[in-house]
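Asker: Below, each chain spelled out in residue letters.
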Amino acid sequence: MAQSSEGKIPMMTAGRNQSSYRLTLAFFVVFSLAFVVAASAAAPSYKERLDRKEQREKEAAAAMEAQIADILPPDGQPTADVAPLYAQLRETGNNNAVSLCYAIALHALSADRIEEAIRVLDAAFARLEASSAGDESAEKARGKFHAEEEKSFRGEPYEQVMIYLLRGLLYMREGDFENARAVFRSGALRDRSALDAKEEEQYQDDLAEMDYLEALCDLKLGDAKAEDAFKFAHDHARAEDAILEPAGDFNSVVIFLSGVGPSKYRTGKYNQFLRFSPGSGASGPLRVLVNDNPCSEVSGPVDSMTFQATTRGGREIDAVLKGKAQFKSGASFAGDIALAASAGALAAASSAAPGQDSSGAAAASAALGLVGLVAKGISAAANPEADIRMLSPLHDDIYIVPAKLGDGSNRVIFECPETGIRSEHSLVCAQKPCDIHLVWDAAFGAQVERVRRAKFGAAELAESMTHGMAWQGEAAFEGLKEKVALALVANGEVEESWTGYAKLGSDVCPCTGAIDKKNFRASFRETSDLADVTRQYILLGKSKRSGKRLEGTVFYVRDSGMLPVGSFKMKSIATDKD
Amino acid sequence: MFSPPLLRLPFLGLLSVAVALGCATTTVENPGGVEPRRVDPGSASLGEGTGIGSQDLQQVTDKMSRSILSTPAIANATEPPTIALLPVANDTRFPINKQLFTMRIKAMLNTQCQNKVRFLARDRIEAIENERDLKREGLVGSSSDKVLLGVDYFLTGELTGLSQAGSSGQSDYILYTFRLIDAESSLEVWEDFEEIKKEGLEDVAYR
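Protein chains in written order, with the numbering used here: chain A, 42 to 619; chain B, 5 to 211.
Bound-form chain B, shown alone (with noise of 0.2 Å):
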């Protein structure tokens, strides 16, 4: 004969079953997703993996731009100098718009510290050919003649990875160096660097 304390056993147990898998209710966030928003282009990316992200972007260039106005060659100049941009290397595993770097270098310059440097717009040498020759032929009116200015600096860049994946985790090291080239001499008058290491495990459901 079941004693009745023993009986409620199995009523507990199937209450306790049933509040268990009612409770058990899948919850979801944001199920109806989330409305365009702007962020801080300094803050980190939803779902950033272990690559380049704006968060590093600004980190390298404000470092760059302020280390660019404190070496002797810029900062002791009695003219601003003329410095144009040349293309930033990209020896890393992750495809990236390279010129992204040297063109904030050149606009956090240019509106913080307008009078120190002068950049030329060599990317755009094509275009302001084809205006000159135009005005020298008569075509279209001057108010000007004007030489094309030399460069003093070339600024550029080269992005060098090391990465590593295992079942352990990722790793990815990023080396960014600028550096600022004597177009007379090809002599290095500045150059600077910042790392960032970023280390990461995904879901076991991916490994």
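Chain A extracted, bound-state conformation (with noise of 0.2 Å):
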């Protein structure tokens, strides 16, 4: 008897709890059904959902419209060059507002469209300095299944200051001088470091080309700070002497821009790391001639973009991104464990003994099934990726030379003493208080580069050095028997970061780079002169013996992120000289 009742009583355990689990699959296939028919039968007709969509696309356009009401034409009627820039303000809203004022004010700076650049810039400027707090794009952008690019464009400190720049000089240009130094002191602050960057990596509030145009604005002004602020602008500046000190009756402030501004990119698993790439400013020296008249000569720019961007220190988002890559990289493990878990379920339900009831099993699987899918499809929804946009068009190297032109047409003449390139411009004074002529010569940069490339060999490496460190060495490329030559050359000082060129096998091309007691990063870009095709390699490694050995990955970087593609050795074969 006690044999037969303990067999029977788990029997009947299982029975009963089968048929209650049969009630409440019942039960939910109904309440599902029910709910189906109740939420069509209450569902509105074909022609009510399109009114709907109709009026909501309408209230979108009109929302978008209000948004960007500043920046339109007063007219409503936008010349044809910045027509197609318009139409996009119309589309995006605030989401890209800053960067196509930007785009606006050069076309319009381009065409003496004085008071128009002056609208859009103003609109930029009151975006860029008004509180985000509270910001809803930027809420949005913070959450886990959006994108960091749906918060409204901002862009990064460097690219904010051309906005405070080209409005600066505009105010100068009307002989409003303290408002301009006004918009140069906010533009100054806009560089800031991160909560969490390292003492020595502070690189906050070294825009010299704000302190610069500040103690310009000082010297207009008669104001004696004006010291101060050229005082700051030396410390600042990325050559010493490119901050000149001229006579207060100056009539022109003449800005030279040259080559194209560092770019954005993604790396990490989920593209959740923003990255630059240095740009193709030369920042080298420069001699201004007016009229064949020698005017000033300096050893280097006041600022390079590359160098703004590659210091820029983390940001703080970064730890937002990071976390939601963690939440997709989690979500996807739960999938997968869940998936895994319905596949021992199905495996379980189809080895069970004939006779035996498999049911449970099989259904258990499916739910499982349905978890997984559901915990993957919240994976690939959550979006971690950085955003890329960017201020365009950016130039990289910035010069800025106050001078007296003469009234009417000045042939000013930019050149590289070191290379002979040339950048020639007719400059017409205006007679304005101050006038401002803005040249920006995007193939300055490169063109300078070749030529220094050409006179670059193995042999020079160290030669060529004036003040900085080189390391030669090789790098082994997986799929390629042979090794390949690897230097580098770091010119000026290596503090932490340096700007220099690599040398892989015979091309030569500009680097950037950092290096402390243990770390070691380079980052270069390979152009080939032949055919249009850029490479871009990143050196990541550790440096051994105060930096006398190098070693570690060489990467591939593509715009799905950084690929391992080899490994680099080298060794120190020239050190600082000073």
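Treat the hints with caution; some may be incorrect.
Simulated crosslink set (EDC-like; lysine to aspartate or glutamate; CA at most 16 Å straight-line) [stated by the list, open to error]: (1) A:181 / B:206; (2) A:473 / A:290; (3) A:305 / A:426; (4) A:473 / A:215; (5) A:272 / A:286; (6) A:585 / A:557; (7) A:266 / B:95; (8) A:185 / A:448; (9) A:181 / B:95.
Keep in mind that the hints were calculated from the coordinates and are not lab data.
Starting from two chains that each stand alone, build the complex the way the hints lay out.
Answerer: Here it is in structure tokens:
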């Protein structure tokens, strides 16, 4: 009896549980069907849905238009050159307003439509200065299922500074040096380091162009603070002699912009990291001739956008993106576990002995499978991608020359004394309180670099240096039997970050990097002179014996991220001669 | 073999996820925008940063106009003194229309205490001189000849700022000082100030 009752009791429990389960399932199915039927009955007709959709679209368009009402032309009739930009503005509203204002301002300035340039720059300025606390787009960008680029674009500090620079110059043009100074001061404050940046990486407030222009405004105002502002500019300029201290009677400010600025790309498993590729500015010496007479000569630019971008430091939003990436990874992992468990349950159901009830295992398998798919779906929907929108077009190097130009047309030549490359322009003095001449030669930096490369050979590595460090070694690439010669030259003072050249095989290209006692990083873009092909490489590795030996991994940068393609080993062949 | 309570768990989990996802609709405030409307000039502006706003303008000019009227040089004057405006100096990091401050102080004094002070339109002196010349030359009629009034006091001011920005936030302190200067002796017969400090922290999406 005891054996029999021991045998019956579990069977009775299982039977009761199964009927309870079937009841639950039946209730769930009936409830779902009832919900679907009720929802269908309550659903609006097709025409009603179309009308509602149209109404929503109208409201959305009106909302977009209201966001950018201060930017649109007062007469509603943009000129042909900027009409596509205004059309884009109407479509995207505030999301891209700052970069579109900048692009419109450049067009307006080149066509001498000063009022339009002022209007759009003021609009961009207002957006940059407005508080972002409580900004809905920023809140959305922090959300796990929204990309960072859903926030209204403001750009990185080195990009924002161009808005301030242009607006300040236009105030100078009108002789309003106080407001120009105010704008330059605000521009200088845009540059600030991230909270977790190391003390030695705190490059904040080193936008020398802002300090320099502020000093020029002080000079025009007869303000004694000019001396301090010049000192700040000297301290922050990329080349110390780039800051010229003119007499107060200068009537023009010539801004020479060289090269194309740095570009942004994403790396990381989920593209969650924002990185910068160096721009094409040569950061070389510059001689300025006005009507064939020497006006000024400097050993380097006031500032380099590549320097500003690569010393940006970490952003605090990076921590949010990292969290999103972890969430995405975690949800994917949970999905994998659920799907694996589902497969296990399915296997258990299919291996059940004949006559044994396997419906429970089969249902569990289906349910776990669904949970797994949902988790995978959530993972796929999570979006940790970094925002790589850019202010465009943007220069790399900036040279500022206050000058006293004669009435009418002046022939101004910008010449690199190192390579002989020239850029010639005709600048008309319009007798404004302070004439502003903005000259951008996008090819200048690349031309200087090309001549430099032609002069540059492996044997001259160490010889070419006046001040800096050089390493020579080789890189082993996957799939290549032979190793490729690799050399790096760091020009100038090697303090954490440096710029110089990389020589991979026979190709020489500009390079930026960073080094400390333990770690080493270098980034360079190999450009073929024969074909329009660019490859970007990043070297990441260890620095041993205080930088005398370097070894690590060679990464190839693609749109999808960093791909390890080989390894490198180098040793120091020259050290700082100072 | 799975027990039925355990079997319900995946269903419940699935149901919870579905409900959670279904309910997670994005709500946007004012999707259709906000119609332009009149607001109190003394209220904070939408999206106001740490800069100079209409609220600050009202606060500063209200205080200055009250203060000017209580200064002995004005309050005890037997004849209402004449005042002319000099440009306000802006030494902050905010580009502004600087004359807004002196214009509002003048308007407040003129509307609320008309007999205490008189303002001279020195900013329109060129037009006035042209008109006087036309009258003197007999090209236009004139009801009476008057002399151009001299200035008893100049009203001027200065906005000076101290700004800091870092990863922990943005802070802007602005000192507003205004003065009445005796046009004969250069004596500063009145000075008052107001100071406003604002702090804020950007959304992490922009830091």
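Asker: Work down the list of hints and note, for each, if the structure agrees.
Answerer: Hint by hint, here is what the structure shows:
Proposed proximity of residue 181 of chain A and residue 206 of chain B is supported: the alpha carbons are some 15 Å apart, at most 16 Å. Using a Cα cut-off of 16 Å, the hinted pair residue 473 of chain A and residue 290 of chain A holds, with the two alpha carbons roughly 13 Å apart. In summary, the hint linking residue 305 of chain A to residue 426 of chain A is supported, as the alpha carbons are separated by about 13 Å, within the 16 Å threshold. Between residue 473 of chain A and residue 215 of chain A the CA atoms are separated by roughly 7 Å; this keeps the pair inside 16 Å, and the hint holds.
Of the supplied pair hints, the one linking residue 272 of chain A and residue 286 of chain A holds, its CA atoms being roughly 10 Å apart against a limit of 16 Å. The hinted pair formed by residue 585 of chain A and residue 557 of chain A meets the criterion: a straight-line CA distance of about 9 Å does not exceed 16 Å. At most 16 Å may separate the alpha-carbon atoms for a hinted pair to count; residue 266 of chain A and residue 95 of chain B meet this at roughly 11 Å. Taking the CA atoms of residue 185 of chain A and residue 448 of chain A, the gap is near 59 Å; set against the 16 Å cutoff, the hint is violated.
For the given pair, residue 181 of chain A sits about 37 Å from residue 95 of chain B by alpha-carbon distance, which is inconsistent with the 16 Å threshold.
Hints 8, 9, counting from the list given before, are not met by this structure.
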